[in-house]
Structure formats: structure tokens, C-alpha cells
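Asks: So the chains spell out like this:
2 protein chains.
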Amino acid sequence: MESPVFRLCSSISYSKTFLHPISTINSPKLYSIQRRKKLFYSARSDSIPVCSEGGVFLSIGTHLIPHPNKVEKGGEDAFFISSCKGGIIAVADGVSGWAERDVNPALFSRELMAHASNLVEDEEVQYDPRTLIKKAHAATSSVGSATAIVAMLERTGPLKIANVGDCGLRVVRKGQIVFSTSPQEHYFDCPYQLSSEAVGQTYLDATVTTVELLEGDTVVMGSDGLFDNVFDSEIISIVGSYNNIADAAKALANLAYDHSQDSSFDSPYSQEARTRGFDVPWWKKILGMKLTGGKLDDITVIVGQLGSTCSKGVGKLYKKTLMLKLVNGNYAKMLSMCTFRTVVVSCI
Amino acid sequence: MESPVFRLCSSISYSKTFLHPISTINSPKLYSIQRRKKLFYSARSDSIPVCSEGGVFLSIGTHLIPHPNKVEKGGEDAFFISSCKGGIIAVADGVSGWAERDVNPALFSRELMAHASNLVEDEEVQYDPRTLIKKAHAATSSVGSATAIVAMLERTGPLKIANVGDCGLRVVRKGQIVFSTSPQEHYFDCPYQLSSEAVGQTYLDATVTTVELLEGDTVVMGSDGLFDNVFDSEIISIVGSYNNIADAAKALANLAYDHSQDSSFDSPYSQEARTRGFDVPWWKKILGMKLTGGKLDDITVIVGQLGSTCSKGVGKLYKKTLMLKLVNGNYAKMLSMCTFRTVVVSCI
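Chains as they are written, first to last, in UniProt numbering: chain A, 1 to 348; chain B, 1 to 348.
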């Protein structure tokens, strides 16, 4: 049984050249958000007791590897985690096509996650992930678009998920995947996306599902950079191989990264591409060749393991909303803290 | 928009030799169950109003094709549907291995579904599919085991699903699958199963999920005979090709049947087998051969389409619990009624 604390285990992997503060990103809206609330590994000053009775919670490990060509800017994925109630995890993946219009695709996903992080305790949200997406999307004013997934755990076990696009979530139980989200897309490689433009999708397009978690379950959430490069069987294998969830998150991200750079790997992405009719020219097929290879992309992995608190004599868990994202000068702070592989952030 | 009635569209396919009453199955328990409640397309005499306000409901079509070698006994799948609240659909698949112990594998699945059908309004069940499985399993005294899936729709939209084993369910929305159950198994071709023996699984092993349905969604539930032989892309294609859900159910079952008998078809089953390490001998691989073919099995398909009632002036929907299963002399009755392809059963 898990010890009765909320644990956060986080690690972020970059090339060596990235281990420096970045302050070149112009994002005044995010600055203002950060001023309102400390987002980086900091408890809010108004922390209040959430739960003195027993219940389940997620211990969380994270790992993010930016696209190799986007390391300098930190990639276009953003995510946040929160210990509100049983725990909240969320990922947004900025749609890279915006770069062709001279828009930084990272701004929308980062602002979306920043707002979502701020809104988890909003009265109207009522701990409903679809409503959280609705309100965060409405609050986001950056130009761009992003896929997004939010999962909120009740202390009694239900994990409620809202998903727009091709981020994903798996639940691993006793060595098998018992729950998977399904990606939504307009056509191959064009996912449903929350957008600054009217033509995009909204919270109404989110697929909303609930899965009853059991103690010991492992939740794996990620951007498509994970699921396009790593098979479910590999996720099961890695989850089963690591006791430390931060190590599991890192191993999954590293495996996705390795596969993404392997042109001979017959990845989930290349298999899906062939299924959709994309393949090598006919004369290469005659020679026995086929379309293979992983998909270069930002890779975000969040691994959560379900534990439970004893009903009494444990001490209180306190609400703490944490934000891990890749903006402005706060990189250095985040990275330096991440040298602690396992960080206990809210064990009271 | 759907017309405001609960519609049942059912068709059952057998070889010609099967169009006769079967009275050779020894199942006194089922007889006693049938005496208590009319299960075959009959409204209960104590029908009471369920819902006078608006809400969603499932229009349902079904199709069942027994394993070619089990046609005389009707196969080992059983299922039921009910118009309670938004609608209930359920499938059980008797585990064929019991035949080696001189046990008819169909008895357990049929009795399980019969009890489940009787218990949908049980006070303790509280419209919860896992509890329904619990109580139906506890009431089943036949020797044997079965996989089982139960899905219960609330009038407000949530479809709650409990699943033990490798029956399955898909939700098709706007031409894509937005929700899939995941099969549970001990190892390849050995699914989790509710059993008369202590070594089997119970309701506690059920994966419990909820998906928020939207009007126009199509739900496809089936035994593994469907999902082992038909790809999700084919399910999407067929669901999109038929306006009549009974025709869609029949087309899916027929496609599964055709694939199951095609030794060259690279089915979901053969692909999964190869993934698990089952394949042709090495010398055949050198010759470019691989394990292919569908899987001969009982095939049960239930297709439900979500509609909604107007809030007022529609008339009342009445509770009617229906049972379609393959036992005793009631075959003929069921089959004769099934000559009506579309049967309006509870439009008041």
C-alpha cells in the first residue's frame, strides 16, 4: 500500500545546451497569470484542508522531451498537475502548423494549461474536466490551437476524463491495459483541436469518459508524441518494470524519443499511416520495402499511481496546485528543482 | 432527430436446419425463471411508467450467428436488452472449454443473462452494471463460466459499462470511434470470466467505465466473435452505411462470419496472435507466409443508436424487460417474431 502522502516525482530531459534560463518568449498574458498564482512547485498561500477522511490519490511522475528541432524554445507541449481532491493531470499539445503563419504554436497550449491550472477550484467547474476545458479555453486569448486532455480523480475512485484530439490516457491494471482513450481527428494527422479560431473544436466536442480506478492502478497520460511512438505492450512492460513512477515516466519518454528517431522502427504511427493509405512508392513495395519510422514530436508523459490514505491519524492533505510548463525565465528554477529526482511536495 | 419511441430491431441468423424449436436442453432453472417473468418480446404485466420527461434512449438492433459447429444447439452466446430507463444491453459468452468436461458451455451464459434480465429493476442494483453482474452471478447455479458485458444508459446521457473478459463495446460518433472497451485476459485466448468455480473472476474484476453519449451516437456491443473478426475501421464503415440499425447489426455479424471462415483474411485475431508470438513455422515464414485467418466463433452483435424524446406531449415510455436468448422451446416463438425486422415494442 502507498504511504499516505501526495507525492510528485518529476523530471524533465533536455539536451545539455538547454540547461539555461530562457527569457526570449514574449508572453505577457502568462506573466500576468503567474503573478496571480505561484505555479512552479509552490504551494498557494491560501492552502486549505481538502480531506481528512480516507480516499484514493495519485502519486505522479512526469517527463517531457521536446522535439529535437524545438529544444531551444522548449517544444509546444504543456501540462499541469494538481493535488486537488484525488489529483488532476492534464496535457495540451500545441498544433505545429501555426508556425507557418508566424505564430508560436506553444503559446496557446501553455496559456490553456495555465488557465486550466488556475481554474481547478473554480466554483462553476465543479471538478468536471469538460467544464474546466470550457472555461480555460474561453479564457485563452493567444492565437493558435491545441489538443488537450484533462483527467480529474475523485477521492472515491472515479477518474473523469475529457479529451479533445489525440493526446491520450491508458489505465494499466495487473499487467494489462483496461482503459484507453480514443483519439479524435478530422483526418490523418489532423486532430480535433481547441482553437483561437471559430472553425476549431470546443468543450462540446470533448469525449467524456469515467473509469473506476482501483488501488495499484497506473495511469499513463501523454501527448501523441508518446502514443505515436510507443505501443501499448511497451507501456505495460515499462510500467511493470519500475517501482518509481518518475523513472517509469522517464523510461517511457526516452523510449518514445528513441523510437521517434529510428527510421526503421515500425511504430504505431507508421502502422497507422499505412492503414490510411500512406506508404512508400509502388516500386519500393515490390522490393519489399514499406513505410516505417517513428514520429519526431514533443513527448510528454505523466504517470500516476493510485494509492489510498488511511481514514484517520494520517494528517491532512492540503490543496496545492502545481504548474510545470515551459515559459519565460522560470525554466532555470524548474530545472534546478528537477535535479531532485523525487520531490515530496505536499506531504504534511 | 429520432422519433420519440423506444424501438427494438432484432434479427437472428441461422442455417435453415436451425429454424425449429429446440427442447433438448436440460435447464430447469431457466424454466423456473421464465415462469416468473415473460422474457420473450413480452411486456411485463406490471409495467409502470418510467419517464414522462425528456431524455435520451437507445434504439436497438441485434443479430446473432452461432458458431458453424454449434448451430444445432444455438451456440454459447446469450444476450438481453431492456428498455429500462435509457436502455440496457448485455452480452455473455460461454467459455467453450467446458465442453471438454461434458458441460454444455451455453448453460452458464444463458442463465447469467436470464438472471441479469430479471434483476435490472432490483432495488439493490440501483441501475449499476457492476452490481447487476454481482447479483446475476450470485444467482447463477449452472456449472460453467462466461465473459460478460453490461451497459446501462441513463436518460441524461451517461452509458455505464461493466465488463469482465473479452466481450466489447464501441461508441461511434461522426465517423470515428470515440470509446472502446479493453479486453481483459489471463493470457492469449483465455479471458477473464465469471465462473461457477472459485478460481474465476467476479464483479470485483469488472472494468467499470462511463461514457457520456451524445444524440446520434451509435453503440456497438458484441461478443469476441465480432471483434476478433472485424476491424474498428470496418465497424465505422458499416455503421455509417446503414440507416436501419437492425440492418447494421446484421451486416456486422455477416461480415464477422465471412471473415471467420476466410483462412487468408488477416483478421484482428490473427494479428493479435502473431503479436503474442503465435505464427507459422519458421520455414513457412521464409517462404513469405504468415499466420492468417479469422476466428470461428459465436457472433453476437447489438447496435444501439441514441435518440431523444421531446420533454412533453410525447406519451410515456413504459418499462419493459425483454429477453432474447437461445433456450428450450421458445426458440420458435422468438424466431417467428423476428420475421418482423423492426418491432416497435414500447411505443405508447
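A few of these clues could be false.
List time: in silico DSS-like cross-link candidates among lysine-lysine, alpha-carbon distance up to 25 Å [said to hold, decoys possible]:
hint, chain 1, residue 1, chain 2, residue 2
1, B, K285, A, K174
2, B, K284, A, K290
3, B, K160, A, K160
4, A, K174, A, K134
5, A, K285, B, K284
6, B, K174, A, K134
7, A, K290, B, K285
8, B, K285, A, K160
9, A, K174, B, K160
10, A, K284, B, K285
11, B, K135, A, K134
12, A, K285, B, K134
13, A, K290, B, K290
14, B, K160, B, K135
15, A, K160, A, K174
16, A, K284, B, K160
Hints listed in this document are in silico derivations from the structure and should not be mistaken for laboratory results.
These numbers were taken from a predicted model, which means no experiment stands behind them.
Asks: Now, for every hint given, state plainly whether the structure supports it.
Replies: Do the hints match the structure? See the list:
1. In summary, the hint linking K285 (chain B) to K174 (chain A) is not supported, as the alpha carbons are separated by about 33 Å, beyond the 25 Å threshold.
2. Between K284 (chain B) and K290 (chain A), the direct Cα distance comes to roughly 21 Å. Compliance with the 25 Å bound is thereby established for this hinted pair.
3. Between the alpha carbons of K160 (chain B) and K160 (chain A) the distance comes to roughly 13 Å, so the proposed pair stays at or under 25 Å and holds.
4. Proximity of K174 (chain A) to K134 (chain A) is assessed by CA-CA distance (about 35 Å); at most 25 Å being required, the pair is judged violated.
5. Simply put, K285 (chain A) and K284 (chain B) have alpha-carbon atoms about 21 Å apart, close enough for the 25 Å limit, and the pair holds.
6. Between the alpha carbons of K174 (chain B) and K134 (chain A) the distance comes to roughly 21 Å, so the proposed pair stays at or under 25 Å and holds.
7. Straight-line distance between C-alpha atoms of K290 (chain A) and K285 (chain B) comes to about 18 Å, which keeps the hinted pair within the 25 Å bound.
8. Taking the CA atoms of K285 (chain B) and K160 (chain A), the gap is near 45 Å; set against the 25 Å cutoff, the hint is violated.
9. Annotation: proposed proximity of K174 (chain A) to K160 (chain B) holds, straight-line Cα distance about 22 Å (limit 25 Å).
10. As the CA atoms of K284 (chain A) and K285 (chain B) are separated by approximately 21 Å, the hinted pair is consistent with the 25 Å bound.
11. Under the criterion of a C-alpha separation no larger than 25 Å, the hint pairing K135 (chain B) with K134 (chain A) is inconsistent with the structure, at around 40 Å.
12. Taking the CA atoms of K285 (chain A) and K134 (chain B), the gap is about 53 Å. The hint is violated against a cut of 25 Å.
13. Between the alpha carbons of K290 (chain A) and K290 (chain B) the distance comes to roughly 17 Å, so the proposed pair stays at or under 25 Å and holds.
14. Of the supplied pair hints, the one linking K160 (chain B) and K135 (chain B) holds, its CA atoms being roughly 17 Å apart against a limit of 25 Å.
15. Taking the CA atoms of K160 (chain A) and K174 (chain A), the gap is near 21 Å; set against the 25 Å cutoff, the hint holds.
16. Straight-line distance between C-alpha atoms of K284 (chain A) and K160 (chain B) comes to about 48 Å, which puts the hinted pair past the 25 Å bound.
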